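With my numbering applied, the sequence shown corresponds to residues 0 to 175, in that order.
Wrong hints could be hidden among the right ones.
[Stated by the list, open to error] Calculated lysine-lysine pairs in the PhoX-like style (CA-CA distance at most 25 angstroms, straight line):
#	residue 1	residue 2
1	Lys96	Lys38
2	Lys169	Lys147
3	Lys173	Lys96
4	Lys38	Lys28
5	Lys146	Lys168
6	Lys169	Lys121
7	Lys85	Lys96
8	Lys147	Lys85
9	Lys121	Lys96
10	Lys96	Lys28
11	Lys119	Lys38
12	Lys119	Lys168
13	Lys173	Lys121
14	Lys119	Lys96
15	Lys168	Lys121
16	Lys121	Lys85
17	Lys85	Lys119
18	Lys119	Lys173
19	Lys173	Lys85
20	Lys119	Lys147
21	Lys169	Lys146
Bear in mind the hints are in silico, worked out from the structure with no lab data behind them.
Just so it is clear, the structure is predicted and the values come from calculations on it, not from any experiment.
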Amino acid sequence: MNITYFFTQVAIFAFGGIITVAAAYFLLKNDIQNYFRFKTLEANKDSRSSLFPLRLQAYERLIIFTERINPANLLVRLHQQGIGVKELQAIILNDIKSEYQHNITQQLYVDSISWNVVRKLKDDTIAMVNNVVQGLPETATGIDISKKVLQHMSGIEENPYDLTIDHLKKDIHKLF
């Protein structure tokens with residue numbers, strides 16, 4: 000009788016404990032889920048807020064890159080008195096490529112479409128310089144390449160460098 004009484008009491012306490020734990024779980028379930036959801040959101044917010052300055056800096060650097068490879072700025076910066084067309088071409092291409100390599104890691108922080116726009120602008124600039132040089136005689140000077148590139152740029156209806164900067168600015172505004 001003692002053993003039966005003991006097992007009955009254990010069963011009653013176990014059943015009561017299970018009922019208590021189940022009731023507590025159902026009462027606190029939403030609070031527990033909200034707590035973990037809040038912690039996840041907080042962690043995401045912290046990671047986003049720490050990336051924000053890096054993303055903003057990346058867009059700034061790509062705008063600077065775009066301005067630096069703009070032929071209007073590039074030719075003025077790199078032109079040297081009495082330089083030949085092939086030498087100026089080599090200097091221009093080297094400058095564009097080194098600027099690009101300097102900013103290549105910015106693709107981690109910008110939208111892939113924006114990065115592709117910047118990369119295409121770089122490739123188009125190199126192609127434009129090479130095409131202009133091919134159309135010049137061997138006796139041409141650096142001034143001739145500058146004139147031809149600027150004439151080509153003035154014939155374009157919408158400046159691709161301005162369009163690229165506008166695109167980057169729109170992406171920056173999406174961050175806010």
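Consistency of the hints with the structure:
1. Using a Cα cut-off of 25 angstroms, the hinted pair lysine 96 and lysine 38 is violated, with the two alpha carbons roughly 44 angstroms apart.
2. With a C-alpha separation of about 32 angstroms, the suggested pairing of lysine 169 with lysine 147 is violated against the 25 angstroms cut-off.
3. For the hint linking lysine 173 to lysine 96, the alpha-carbon distance of about 29 angstroms lies beyond 25 angstroms, and the restraint is violated.
4. Proximity of lysine 38 to lysine 28 is assessed by CA-CA distance (about 16 angstroms); at most 25 angstroms being required, the pair is judged to hold.
5. Simply put, lysine 146 and lysine 168 have alpha-carbon atoms about 30 angstroms apart, too far for the 25 angstroms limit, and the pair is violated.
6. Straight-line distance between C-alpha atoms of lysine 169 and lysine 121 comes to about 20 angstroms, which keeps the hinted pair within the 25 angstroms bound.
7. Of the supplied pair hints, the one linking lysine 85 and lysine 96 holds, its CA atoms being roughly 16 angstroms apart against a limit of 25 angstroms.
8. At most 25 angstroms may separate the alpha-carbon atoms for a hinted pair to count; lysine 147 and lysine 85 meet this at roughly 14 angstroms.
9. Taking the CA atoms of lysine 121 and lysine 96, the gap is near 8 angstroms; set against the 25 angstroms cutoff, the hint holds.
10. With a CA separation close to 58 angstroms, the supplied pair lysine 96 and lysine 28 exceeds the 25 angstroms bound.
11. In summary, the hint linking lysine 119 to lysine 38 is not supported, as the alpha carbons are separated by about 41 angstroms, beyond the 25 angstroms threshold.
12. At most 25 angstroms may separate the alpha-carbon atoms for a hinted pair to count; lysine 119 and lysine 168 meet this at roughly 17 angstroms.
13. Using a Cα cut-off of 25 angstroms, the hinted pair lysine 173 and lysine 121 holds, with the two alpha carbons roughly 24 angstroms apart.
14. Note on lysine 119 and lysine 96: the hinted pairing holds, with a Cα-Cα distance of about 13 angstroms set against a maximum of 25 angstroms.
15. Proximity of lysine 168 to lysine 121 is assessed by CA-CA distance (about 18 angstroms); at most 25 angstroms being required, the pair is judged to hold.
16. Proximity of lysine 121 to lysine 85 is assessed by CA-CA distance (about 19 angstroms); at most 25 angstroms being required, the pair is judged to hold.
17. Using a Cα cut-off of 25 angstroms, the hinted pair lysine 85 and lysine 119 holds, with the two alpha carbons roughly 23 angstroms apart.
18. For the hint pairing lysine 119 with lysine 173, the CA-to-CA distance comes to about 22 angstroms; that is within 25 angstroms, so the pair holds.
19. Restraint check for lysine 173 and lysine 85: the C-alpha separation of about 43 angstroms exceeds 25 angstroms, so the hint is violated.
20. Proximity of lysine 119 to lysine 147 is assessed by CA-CA distance (about 21 angstroms); at most 25 angstroms being required, the pair is judged to hold.
21. Our distance criterion of 25 angstroms between C-alpha atoms is broken by lysine 169 and lysine 146, whose separation comes to about 32 angstroms.
Hint violations for this structure: numbers 1, 2, 3, 5, 10, 11, 19, 21, all remaining hints satisfied.
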